[in-house]
Amino acid sequence: MTALLIENGRLVDPSVGWDGPARLLVVDGIVAAIDPSDGDIPQGADRIDASGQIVAPGLVDLAAELRDPGREEDESIQTGSDAALAGGYTSVLCSASTSPVIDTPAAVELVRQKSAQASGVRVHVIACLSKGREADQMAELGLLSDAGAVAFSDAPYPMPNDALLKRALEYCRMLNKPIFDRPEVPVLASSGVMHDGQVSLVLGLRGLPTEAEDLAVARDVRLAEATGGWLHVGPVSTMGSIDLLRRVKSRGVQVTASSCPHNLFLTDSELRSYDSRFKVHPPLRSPRHVEALRLAIADGTIDAIVSGHMPRATEKKSNDLDRAPFGAAALETSLSSVATFMVRPGHLTWADAIDRLSTAPARIAGINAGGLSVGQAGDIVIFDPSAQWTVDGSKFRSRCKSSPLDGKQLEALVTRTIVGGQVKFARS
Amino acid sequence: MSTAETIEYPANWTRRHLLDLESLSSEEIVILLDTADKLKRMTDGCRRKLSLLTGLTCANLFFENSTRTRNSFSLAAKRLGADTVEFSSAGSSVAKGESFVDTAKTIESMGVDWVVTRHSTPGTPHLLSRELDCSVLNAGDGPHEHPTQGLLDMLTIRQHRGQIAGLTVALVGDIAHSRTARSNIWGLKKLGAHVIICGPPTLVSQRWSELGFEVSYSLDEILPRCDVLNLLRIQFERQSARPFPSVQEYAALYAMTGDRVRRSKDGILIMAPGPINRGVEITPEVADGPHSVILEQVNNGIAVRMAALWLLAGKQEV
Chain W
1 MTALLIENGR LVDPSVGWDG PARLLVVDGI VAAIDPSDGD IPQGADRIDA
51 SGQIVAPGLV DLAAELRDPG REEDESIQTG SDAALAGGYT SVLCSASTSP
101 VIDTPAAVEL VRQKSAQASG VRVHVIACLS KGREADQMAE LGLLSDAGAV
151 AFSDAPYPMP NDALLKRALE YCRMLNKPIF DRPEVPVLAS SGVMHDGQVS
201 LVLGLRGLPT EAEDLAVARD VRLAEATGGW LHVGPVSTMG SIDLLRRVKS
251 RGVQVTASSC PHNLFLTDSE LRSYDSRFKV HPPLRSPRHV EALRLAIADG
301 TIDAIVSGHM PRATEKKSND LDRAPFGAAA LETSLSSVAT FMVRPGHLTW
351 ADAIDRLSTA PARIAGINAG GLSVGQAGDI VIFDPSAQWT VDGSKFRSRC
401 KSSPLDGKQL EALVTRTIVG GQVKFARS
Chain Z
1 MSTAETIEYP ANWTRRHLLD LESLSSEEIV ILLDTADKLK RMTDGCRRKL
51 SLLTGLTCAN LFFENSTRTR NSFSLAAKRL GADTVEFSSA GSSVAKGESF
101 VDTAKTIESM GVDWVVTRHS TPGTPHLLSR ELDCSVLNAG DGPHEHPTQG
151 LLDMLTIRQH RGQIAGLTVA LVGDIAHSRT ARSNIWGLKK LGAHVIICGP
201 PTLVSQRWSE LGFEVSYSLD EILPRCDVLN LLRIQFERQS ARPFPSVQEY
251 AALYAMTGDR VRRSKDGILI MAPGPINRGV EITPEVADGP HSVILEQVNN
301 GIAVRMAALW LLAGKQEV
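Residue numbers (full-length UniProt numbering), protein chains in the order written: chain W, 1 to 428; chain Z, 1 to 318.
Bear in mind the hints are in silico, worked out from the structure with no lab data behind them.
Note that this is a predicted model, so its numbers are computed, not measured.
Every residue, glycine too, gets a C-beta built ideally from N, C-alpha and C.
Do not take every clue at face value.
To be verified - Computed spacing ranges between beta-carbons, pair by pair:
id: 1; chain 1: Z; residue 1: GLU237; chain 2: W; residue 2: ARG251; range: 46 to 52 Å
id: 2; chain 1: Z; residue 1: SER99; chain 2: W; residue 2: SER269; range: 40 to 46 Å
id: 3; chain 1: W; residue 1: PRO287; chain 2: Z; residue 2: GLY55; range: 36 to 42 Å
id: 4; chain 1: Z; residue 1: GLY55; chain 2: W; residue 2: ARG323; range: 49 to 55 Å
id: 5; chain 1: W; residue 1: ARG167; chain 2: Z; residue 2: SER209; range: 42 to 48 Å
id: 6; chain 1: Z; residue 1: PRO201; chain 2: W; residue 2: SER428; range: 22 to 28 Å
id: 7; chain 1: Z; residue 1: SER23; chain 2: W; residue 2: ARG47; range: 27 to 33 Å
Pulled out of the complex, with its shape left as it was, chain Z reads as follows (with noise of 0.2 Å):
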C-alpha cells in the first residue's frame, strides 16, 4: 500500500546489527527514535502496511520463550513488506544437541537478512553477529541487553514529555536479572536524563554508583524526584536465591500503588516492559490507570523494531 509520506535513509546511519544500547551513540538513538515515530507515522500508528522490505526476510531465532517481542519483530517485518521465518528452540534441533550457532548458520544459509535472536546468555548475539554475513538484532540476551525494549521505553517518554534530557528517570526492581535494566540505563544516560537505580541491595549493586548512576533502596524516598517510573519484574526464574525475604515484603517496600501515585509528581509515567506481575510491582489499579502508558509501550515496540529492520537493511544494501 503507498503511503503519501516518504521516508530518507540517514545518512550517518552506519551500524549492520543492533546488539546493545551501550555501544551506541546519542546521535544513533536519536536517528532509531526519530524513523520509529516516522514509520509510525506512516503506518497510520502501525496499522497499514508498507512496501520498503519486500523480498527480504527476517528470521527470528528465539531460544527463550517469549510472546510480545516475537509478535512484535513479526508484525514490525511485515508492516514493512518482509517475510518472517520463525524459530524456537522446543522440539528444535537445539533440543537435539545442536549448538545455537550452527543452528542460526543453518536458518541464515536459507536465504535471510537478519536474524532476531533471543537467548539466556549475555553475548550470545555478539557471537552470532561475528558468525553470520547478515544482521542480527538483539532482543534479549539473558540479563544483559534488550535494546529494543530500551528504545521502545525512550519512545514512549519522549512522545509524551516531548524530550528525554533533563527527565529524572527511576528504574525500579530487579535490576540484576534485567536486560530492558541495562538498555534503558544506557541509552536514558546518553539522551540525558537522570536515571536513579532503586530496589533491594541484593538487586540493586552499588556498583552502578561507580559508573555514575543514583542508586537508591527507598522508592518513597525518591518518589517526589520522579517523572518516569519503569517497574521492571521481579524474574523469579533467573534468581538462584531469592534476593528477598518475601513477595509480600518486596510489594510492601517497591509495588507502585495507588496512594505512591498520589504521593508522586504530577502526571509522572508509569511504564513496565511487561510482563507484569500484578500485585508485585504494581497494582492493577495502577497498571491500568491514567498514568499507566504500558499498552503504548507495546504498540511503540513495533515501531521501534521496523525502525531497527529498515535501518539495518539499508546498511546491508550499502
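Chain W with its partners taken away, still in its complex shape (with noise of 0.2 Å):
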C-alpha cells in the first residue's frame, strides 16, 4: 500500500464547490479521504506540505499536439509529457497531428504504449475522424473508440467536408464519444499569417479574417443541433463565435467550446515585432476580441481554456513570417498565464480557473479526471499562487523553445504534480 497526504495547503475543487483548507489523503493511487482525522492516516504515509499553496484536480489539457510518431523534432511524448507535467497537466488529449496518422487501431495502440513507456502524464489519444486525415470516408471510429481513443478530430486541419462532419456527428452518437473541429474556413483562411486587422493592414502581412471562424462554427453547431451529436469548437478566439455559441447555448445545444491561454490577453500589435514567436493558431486578434474572449471565459460561454500546445522545432521557427510555421509551446505557461491574466484582475475566481482548466475539460473529454472526490484518481496539481517568475524559453521541457510570452513576468509557479498518487514532477 501506498499513501499520501498533502497537508497545510488550499484545497481548491471546484467539480464539488469544494474552496477551503483541507488534508487530502491518496492511497494506492486513489483518493481515499478529504481532511481525513489522524487516525485514518497510514503509519508510514508520505507527507507534502502545501503551506500556502493551493491545491487543486491536475489540469486536463483538451488539444495538445505531441507530434510522436513522424515529428519527433518538434516534440516526442516524452519531452511532451514532461512538458505537461511541469505545468500542472495530469492529463492531456493528444492530436493526430503526427505522421503517420492515427486513424487506425494500431496507431492508437502505439501512442498509448510510448505513453505508457514515458510514465508520466496521462495521454488520451483523439484519433483522426477520417481515413488518412483526407476529409473524405469516414475514420472506423467504432473501432478507434474500442482501441482507447476518446474523441475524434483531424485537427490542427478543420473539417472541410460538411456531410461528413454532419454523418460523424450522427454516428458517433452511439459510441457517446465527442467530435473536436478546429473552426476555420480553409478558402477563407487561405494563405494568411495573422488576424486580419489594420495592424495587417499597416504591415502588408496576409490576415486571417475573423469570418473565417465565425462562419464555421456557425455550420459546426448547426450540425450539432440538427443532429443531436456531441460537438467541440475549438479553439476560438472571436467574438463572433462567441456570439453565435453565446445563442444556441441558450437554446439548450449541447456544444462546448475552448480557447487559449495566450488569445486571452495578447493582440495582434504583438506582431508589429515580426518576431515567429507570435505567430500561432488562432492568431493573437484585436483588442475587442480579447475582451470579448475573457468575458466570454468568465460567463461559462467558452467552458475550457486548452493549452494550444503546438510545438515546433527551433529551426523551423527561426525563419520569416511566411515560412516559420504556426505554433508555440504552451503546456508549460497555461496556469500561470491565467493565474496572472485572468484570476489576479478579477476576470475569474481560482475555482472557475481550476474548472475552466481541469474539470470542464475532463467533462467534455468525458474522462475521469478533474475532481477531487473520494474514489477518484489522485490527479493533482499544487501550485503557489504568489511566486512570480519569467519566462525563459529556452529552459522549457518542451522540445519547442518558441513562446509568445517568452520574457514576460507570470504569477502563480507549479511545485508539484502528481498523478495517480505518484509524484511525477517536483520542483526544487
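Put the complex together from the two separate chains, hints included.
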C-alpha cells in the first residue's frame, strides 16, 4: 500500500464546490479521504507540506500536439509529457497531427504504449475523424473508440467536408464520444499569417479574417443542433464565435468550446515585432476580440481553456513570418498565464480557473479526472499562487522553445504534479 | 574625384538602419531628402564620383528579383566610393535550403558595412536588423514597405513643387500588395500632404480611412483635386485571387489616359514606381508625356540611396 497526505494547503475542487483548507489523503493512487482524522492516516504515509499553496485536481488539456510519431524534431511523447507535468497537467489529449496519422487502432495503441513508457502524464488519444485525415471517408470510429480513442478530430486541420461532419456527428451518438473541430473555413483563411485587421494592413502581412472562424462555428453548431451529436469547437478566438455560441447554448444545444490562454491577453500588435513567436493559431486578435474572449471565459460561454500547445522545432520557427509555421510551446505556461491575466485582475476566481483548466475539460473529454472526490484518481496539482517568475523559453522541458510569453513575468508556479498518487514532477 | 562642395553630417541623425518610413519622424525624412539633394548636386546629377565612403562595402542581398533597385543601390554605393557585393537567391545556398538569416550572417562575416535586402516576406529587414551588426537597408519587404522608393517619390515631388505640405497626392491602384504605397502613405502624411488612396475596394481597404486617410473608389471623382498621381502597378504575382473582373475593366476605371490628364489640374505630376504595365495603369502617351516624371524618379533613386548609405555609415562610426 502507498499513501500520500497533502496537508496545510488550500484545496480548490470546483467539481464539488470546495474551496478552503483541507488535508487530502491518497491511498494506492486513489483519493481516500478529504480531511481525514489522524487515526485514518496510514502509518508511514508520505507527507507533503502545501503551506501557502493551492491543491487542485490536475489540469486536463483538450488539445496538445505531441507530434509523436513522425514529428519528433518538434516534440516527443516523452518531452511533451515532461512539459505537461511541469505545467501542472495530469491528463493530455493529444491530437492526430502525427505522421503517420492516428487513423487505425494500431496507431492508437502505439501512442498508448509510448505514453506508458514515458510514465508521466496520462496521454489520451484524439483519433482522426477521417481516413488518412483526408476529409473524404469516415475513419473506423467504432474500432478507434474500442482501441481507446476518447474523441475524434482532423485537427489541426478543420473539417472542410460538411456532409462528412454531419454523418460523423450522427454516427458518434452510438459511441458517446465527442467530435472536436478546429473552426476555420480554409478558403477564407487562405495563406494568412496573422489576424486580419488594422495591424496586418499596415504591416502588409496576409490576414486571417474573423469570418473564416465565425462561419465555421456557425456551420458546426448548426450541424450539432440538427444531429444531436456531441461537438466541441475550438480553440475559438472571435467575437462572432462567442455570439453564436451564446445563442445556441441558450437554446440548449449540447456544444462546448475552448480557447487558448495567449488569446486571452495578447493582441495582434505583438506582430509589429515580426517575431514568429507570435505566429500562433488561432491568431492573436485585436483588443476587442480579446476582451470578448475574457468575458466569455468568465461567464462560461467558453467552457474550457486549452493550452494550444503546438510545438515546432527552433529551426522551423527561426524563419521569416511566411515560412515559419504556426505554433508555440504552451503547456508550461497555461496555468500561470491564466493566473496572471484572468485571476489576478478579477476576471476569474481560483475555483473558476481550475474549472476551466481541469474540471470542464475532463467533462468534455469524458475522462475520469478534473475532481478530487473520494474514489477519484489521485491526479493533483500543487502550486504557489503568489510566486512570480519570468518565462524563459530556453528552459522549457518541451522540445519547442518558442513562446509568445517569453520574457514576460507571470504569477503562480507549479511546485508538484501528482499522477495516480505518485509525484511525477517536483520543482526544486 | 574631389568636389568644391562639402557636406556636413547632421548632428540629429541617430538611425543605424533604414527599415521603413512609418517609424521615421518628419525631421528624419527631411534630413534624408536634403542630403539626397545635396549629394545629387555634388555628384552632378549622380554622374560624378565622390570618396565619402571609400573602403566600405555594401552587400546587396536580394531574395527577390530586381533590376532598378539593385542597380540603383550599387551605383549609389559606387558613386560614394564604396565596394559592392552582389547576392541573388537563385542558385545560392538559399536554394539549397539555407535560411535567409544564415545566408545574411555569412555574407556579413565577409566584412560588409551595409546589407541592402529585398525579400518577399514583410518584416525580414527588421529580423535581420536584430541578427546582424551592420546597417540594414530595406529594399522592399513583400507588400510592407520600400522606404527608399517612398523617399525618391517625395524627392521628385519636392523638386517640382518646392514642398510636400499642402499638396493632394493620390496613390492609385494595387494598394493591398504595394510596398511603395505604404512607404508613400507614411512619408507623405508626415510631411503634410493630403493623401488619397484610390482603387477598387478589393485592393483598397476601408480600414485606411480609420487611420486618417481619404479612401476613394473613383479616379474620375478625385482627379480634379489632385496635384500628384502615383500609379501603382497591379501586382498579379502577389494576388492569390483576381481582385477585379478583367484587366480591361480595371484599365477603363483606373488607367491614367490622355483624356484623364486633360481633366486634371494644370501641371499635375504623373508618377509610377515601375516597372509599369503600359495600357493597364497608364497609357503610353501619358507615360512618355510632359506630365510624367517617371525617369526623374529613377535618377533620384540613386541620390536617395547615396543619402541613406552615407547617413547610416556615419552612424556606424559613432
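Going down the list of hints, with the structure as the test:
Remark: the range hint 46 to 52 Å for Z/GLU237 to W/ARG251 is upheld by a beta-carbon distance near 48 Å. The hinted range of 40 to 46 Å is not satisfied by Z/SER99 and W/SER269, whose Cβ atoms lie roughly 26 Å apart. Distance hint check for W/PRO287 and Z/GLY55: the Cβ-Cβ separation is about 50 Å, which falls outside the suggested range of 36 to 42 Å. For Z/GLY55 and W/ARG323, the Cβ-Cβ distance of about 36 Å falls outside the hinted range of 49 to 55 Å, so the restraint is violated.
Distance hint check: the CB atoms of W/ARG167 and Z/SER209 are about 46 Å apart, consistent with the given range 42 to 48 Å. The hinted range of 22 to 28 Å is not satisfied by Z/PRO201 and W/SER428, whose Cβ atoms lie roughly 60 Å apart. Take Z/SER23 and W/ARG47: their Cβ atoms lie about 58 Å apart, and the range 27 to 33 Å is violated.
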